[in-house]
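Based on the provided sequences and hints, a complete structural model is requested.
Number of protein chains: 2
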Amino acid sequence: MRAEVIFTGTELLLGQTLNTNAPHLQQVLASLGVDLYYQVTVGDNLERLAQAIAQARERADLIIIGGGLGPTEDDLSREALAKSLGVSLVFSEEALKIVRRFFDARSLPMSANNLRQALVPEGGMVLDNPVGTAPGIILEHQGKTYILIPGPPSEFRLLVDEQVKPYLVQKLGAQRKVIRSRVLKLCGIGEATVDERLGELLRGANPTLAPTAKFAEVHLRITAKAGSPEEADQMNAALEEKVRQRLGEYIFGSDEETLADAAVRALLEGNLSLATVETFTGGLLAYQLTNAADAGRLFRFGYIFGPERVNWPVSSFASEKELAEQLASWGRAKAQADVCVAVTGREKNSSGAAVYIATNRGGRGRVGEFHLWGSAQDIKERAVQIALALLWRMGKSV
Amino acid sequence: MRAEVIFTGTELLLGQTLNTNAPHLQQVLASLGVDLYYQVTVGDNLERLAQAIAQARERADLIIIGGGLGPTEDDLSREALAKSLGVSLVFSEEALKIVRRFFDARSLPMSANNLRQALVPEGGMVLDNPVGTAPGIILEHQGKTYILIPGPPSEFRLLVDEQVKPYLVQKLGAQRKVIRSRVLKLCGIGEATVDERLGELLRGANPTLAPTAKFAEVHLRITAKAGSPEEADQMNAALEEKVRQRLGEYIFGSDEETLADAAVRALLEGNLSLATVETFTGGLLAYQLTNAADAGRLFRFGYIFGPERVNWPVSSFASEKELAEQLASWGRAKAQADVCVAVTGREKNSSGAAVYIATNRGGRGRVGEFHLWGSAQDIKERAVQIALALLWRMGKSV
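The listed protein sequences correspond, in order, to chains A and B.
All letters in the first sequence, in the order written, are residues 2 to 399 by this note's numbering.
All letters in the second sequence, in the order written, are residues 2 to 399 by this note's numbering.
No wet-lab data here; the hints were simulated from the structure.
Don't take each hint at face value.
[To be verified] Reference listing, derived: stretches of chain B covered by chain A, where coverage requires no fewer than 3 residues with Cβ under 8 Å from a Cβ of chain A:
| hint | stretch |
| --- | --- |
| 1 | 9–18 |
| 2 | 193–201 |
| 3 | 288–295 |
| 4 | 300–307 |
Idealized CB from N, CA, C, for every residue including glycine.
See the structure below:
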């Protein structure tokens, strides 16, 4: 099966919105072995959207349209599909129930505009949307499958995972090929060194092995295509084993696991509880840690100091570096935790900062100085990554 | 001038990479008044890439291709452009200098593969790339302009800003129109109601007015096309005035301003200092607030409690709601702040949570209960948005 994906939304062509729906849908299609050759983005224009659908029909069996299902006049996916296929739009009681339920659950009045969302191209099937007002639509027409999915990311993801994917699995049946991927995640090593160590392993055709650099991490994606999930998994596992022989010490996790997950897991295995003190990162470190699986079992307390230093627990310090050390020591005692990590820092100029990350474990302190570059938010994210990598190593070394 | 953008890279169709180059280029095109009707993503396939170029030529005057300029065999943009236009690829000494300089500067040996990067379609102009190995290319051919830009984001951005944009400014000359946008941001009102209140204002052609729903916000983009920046700004201001008459009370900010910026600004105007206590959101509220402009002037302290309730400052409470109230009261006193906001909550099931947001100002408390849906992270983000909206209203009402 060959797919073409069309995203509609003028904001997607004016640079106002990053299309995060695309990779999510693409991953699902890839996992089902559906080929995607073209992805087209068009604005909220009936004529151009209808033309894009007409062209997609010539190149693909499955046409997926993301966005354009809202209640307003520039939401045109329903109209464009109907126009392009020459079918009429009909009013669906089932769709209306979905729209109405959203407002009833919130005790809000439904606007007359929302009635547009109950229109469906004739013969179309309505997809429930439990988190928004726009039902999705599937239409089988002259041997082609058309799927319309609402654009807001939380709705898009939910419909793709819970309705579009199962529908495609069933439709593909026996012709379904299996593509399975596994991502190994590394920290503490650069992409070029990873490349060198992997050498000829990077040139395999099936499974393939592809590195990507992300912030302080390198990701290695292993992808096998096979007749069954078991076979693909076995092929991936064999290559993973070879990769681990060469780079095992840098691999902190796999697939959806984040560096925060890995740090929390390692600390739990070391039976260490944790506190955080942040001035520079303003809560981002605590947020990432508390988002990690099982973080509740070790996270004791997080402190965030504003720059005006109210309630400041340390009276004198010679440098920002010493401040980090003192805060880590103070936070550990105060929160009754085994380990405390403290992040302080100061901006050096418009695009760089000196960041200090101190850890204290059972009274023994360590501190590092890091010069980081980028936007203010990038620098905070990098600082958090470094702190998480330190915690991961600390947990592992217990 | 009408543009079409083509991104090439199989990773962009397999969901492995988020296309962050797209919005950057689109913003530059929009700012120059260049219309972009279609953006197409294709894999690393010579035939399909050449076809996409051929189609773009029929719909646009300016064809920009992002990616596919690397040294490896799946980097095909040079070949595809030459093939599609029927011109030959020639070896460029100027391009070779750029490639070689990269390796010389790093005292690295240049691989034979990198010679491919010195090939240029006949008649093409080479664009310097000071941060990578791949030179960009501009080719004027039979009345159309073709621009090839390397895909790595830091290289892409630099070439767009420093070479592609000036080239287009010069080329557009007097025919250059100015497009200026302004975004008004609203909270506390749904998209459909916004639509109804705006009515006929949504149907204007220049400036246009376009709403988008984002989490708990609605954004209204006003976009004017005119002969000069001043004229465009005046047109936008006139429409903004009409929008404010109908929806002013819900507008918290504009353009790049976030809800956290608006909350901090309103609290500063009300001369109120702030503390936060989080159990449910794990630091995200503090992080967003401390990221806001001028937050340092009011942010006193943030507390994050882990679920094991070490150092828990309240001994007994009848409900999660009462806990939120008590934590807000405790945090305000403890941090010596004018206002404290506390967020507690519990998961109701796999995709929902009951969240309690309490504020305490000078001893007077308020608390609200919110039932939120989505992924764990979505729910935390929504809870933070609600807390920020409460703080914004509180600051405004002083």
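Practice item. Against the earlier hints, flag every one the structure doesn't satisfy and list their numbers going up. Key: none
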